[in-house]
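S.K.: Residue numbers (numbering that gives the first Met the number 0), protein chains in the order written: chain A, 0 to 178; chain B, 0 to 217.
Because the hints were derived from the structure by calculation, they are not lab data.
Treat the hints loosely; a few may be bogus.
With the C-beta cut set under 7 Å, the calculated list includes, among others, these residues of chain B facing chain A [said to hold, decoys possible]:
#, residue
1, 17
2, 57
3, 59
4, 158
Treat the numbers as computed from the prediction; the structure is a model and nothing was measured.
All residues carry an ideal CB built from backbone N, CA and C; glycine is no exception.
Given next are the chains, with one letter for each unit.
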Amino acid sequence: MRARSRFRTLALPHLAAVYRLARQLAGPDRADDLTQETFLSAWAHFDQFDPATNCRAWLCRILRNTWVSQWRKTRLELPVADIEDVPAEPWYDWERQRTESDLSADMQWALEQLPEAYRWAVLLADVEEFTYQEIAATMDCPVGTVMSRISRGRRMLGRLLNERRSTDRPAIRIVARER
Amino acid sequence: MMNCKQFRESLDCYLDGELSSAASAAADAHRKDCPQCDRAVARLQELKTAVRRTVSVATPPADLEARIRTAVATPWMRPFDTIRSFGPRRSVLALAAVAVCILAVTVSTRAPIDISAANAMDRLALRLDDTSPVVLEGRILCRDCELEHRYGVKASCKVIGHHGAIATADGRIWNIVEQQTSATLIHDESLLGKNVVVRGRLFRNSRALVIDSYQLGS
Numbered sequence: 000m001r002a003r004s005r006f007r008t009l010a011l012p013h014l015a016a017v018y019r020l021a022r023q024l025a026g027p028d029r030a031d032d033l034t035q036e037t038f039l040s041a042w043a044h045f046d047q048f049d050p051a052t053n054c055r056a057w058l059c060r061i062l063r064n065t066w067v068s069q070w071r072k073t074r075l076e077l078p079v080a081d082i083e084d085v086p087a088e089p090w091y092d093w094e095r096q097r098t099e100s101d102l103s104a105d106m107q108w109a110l111e112q113l114p115e116a117y118r119w120a121v122l123l124a125d126v127e128e129f130t131y132q133e134i135a136a137t138m139d140c141p142v143g144t145v146m147s148r149i150s151r152g153r154r155m156l157g158r159l160l161n162e163r164r165s166t167d168r169p170a171i172r173i174v175a176r177e178r
Numbered sequence: 000m001m002n003c004k005q006f007r008e009s010l011d012c013y014l015d016g017e018l019s020s021a022a023s024a025a026a027d028a029h030r031k032d033c034p035q036c037d038r039a040v041a042r043l044q045e046l047k048t049a050v051r052r053t054v055s056v057a058t059p060p061a062d063l064e065a066r067i068r069t070a071v072a073t074p075w076m077r078p079f080d081t082i083r084s085f086g087p088r089r090s091v092l093a094l095a096a097v098a099v100c101i102l103a104v105t106v107s108t109r110a111p112i113d114i115s116a117a118n119a120m121d122r123l124a125l126r127l128d129d130t131s132p133v134v135l136e137g138r139i140l141c142r143d144c145e146l147e148h149r150y151g152v153k154a155s156c157k158v159i160g161h162h163g164a165i166a167t168a169d170g171r172i173w174n175i176v177e178q179q180t181s182a183t184l185i186h187d188e189s190l191l192g193k194n195v196v197v198r199g200r201l202f203r204n205s206r207a208l209v210i211d212s213y214q215l216g217s
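One chain only, chain A, in its complex shape:
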């Protein structure tokens, strides 16, 4: 099969997945461009794709690299790669009744508060349902780091949602540590 049609068959079906992650990374205004750039970059490097691996995970890796390099290009500070000193509550307690749209709005807000590395790990696990191994490959870090980022990220989400619900205003804001 010609490379072009193979690319269309293997990569394009993941457009929606790449787009929704791009939206989480770059926001609704820049998600289009980021998605398009990701696919063009994937096409340019399509010879490096191993068909035995997960194409969606490969695209997500390119998406993240594209985002990181764009971020650097525009000279914004990258969020800190790993945060060890964020106090995290161990369990979730946020079962008070909320409508689904309220919950989604709160959740979107909470996701935006998470440091990028934590948010990315949680999204890859919960939305894309990648294995920890695939997430580690996508994020260029050891599996143990993935585990701790997912665990901490979820606890932060739970805590942020709790705070949001009890006060309707955030009492805590998790801020990336300066490098």
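We have chain A already, so just place chain B on it with the hints.
M.R.: Below, chain B alone, put in the same frame as chain A:
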């Protein structure tokens, strides 16, 4: 037998299916006997579902797939392996580049023609045909954006980046031949809009400029 502390520590791995089958069975057994830990599983599951539901709402714009298909179908957008198969043609280009360099050395002994007064371009046009050395003053602009601005050509700078060129006061845009000396002028987006004085040679028919050296202005 797994205790509560151990269960809670492995809760994320358990729910994500990352535990070994033995550990997973031990967690199952603990959960059956411990309503609190069972509740913790339900809460975490709820959180996971809420994340997925929130993020999955977004759908790509209707034309995005078509745009990507069009871009991928463009002949110059090729994956690397296809480009490599064009080896002979690239060799010709390399030879041409070498030839240009040799030519540059042979003509470099001539005195430069100063055309910093850009409105003198037409008067000098015929003289430039022999690729004499020139000193040219202009402004660095993105060629593709300028074409979009002037003629409505659809530029892809958002995707592939800007492409610096030199616009002289008479409205002409000079393409810069890609070389080590000129790569910064072409690709450094922070230079867009700045004035520059370049020394090099003009190829009038292809409206191209080979740059030997340059000096940035304001």
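S.K.: It remains to establish, for every hint, whether it holds in the given structure.
M.R.: Okay, the hints, checked on the actual structure:
{"no.": "1", "hint": "17", "result": "5 Å, holds"}
{"no.": "2", "hint": "57", "result": "5 Å, holds"}
{"no.": "3", "hint": "59", "result": "4 Å, holds"}
{"no.": "4", "hint": "158", "result": "6 Å, holds"}
Hint violations for this structure: none, all hints satisfied.
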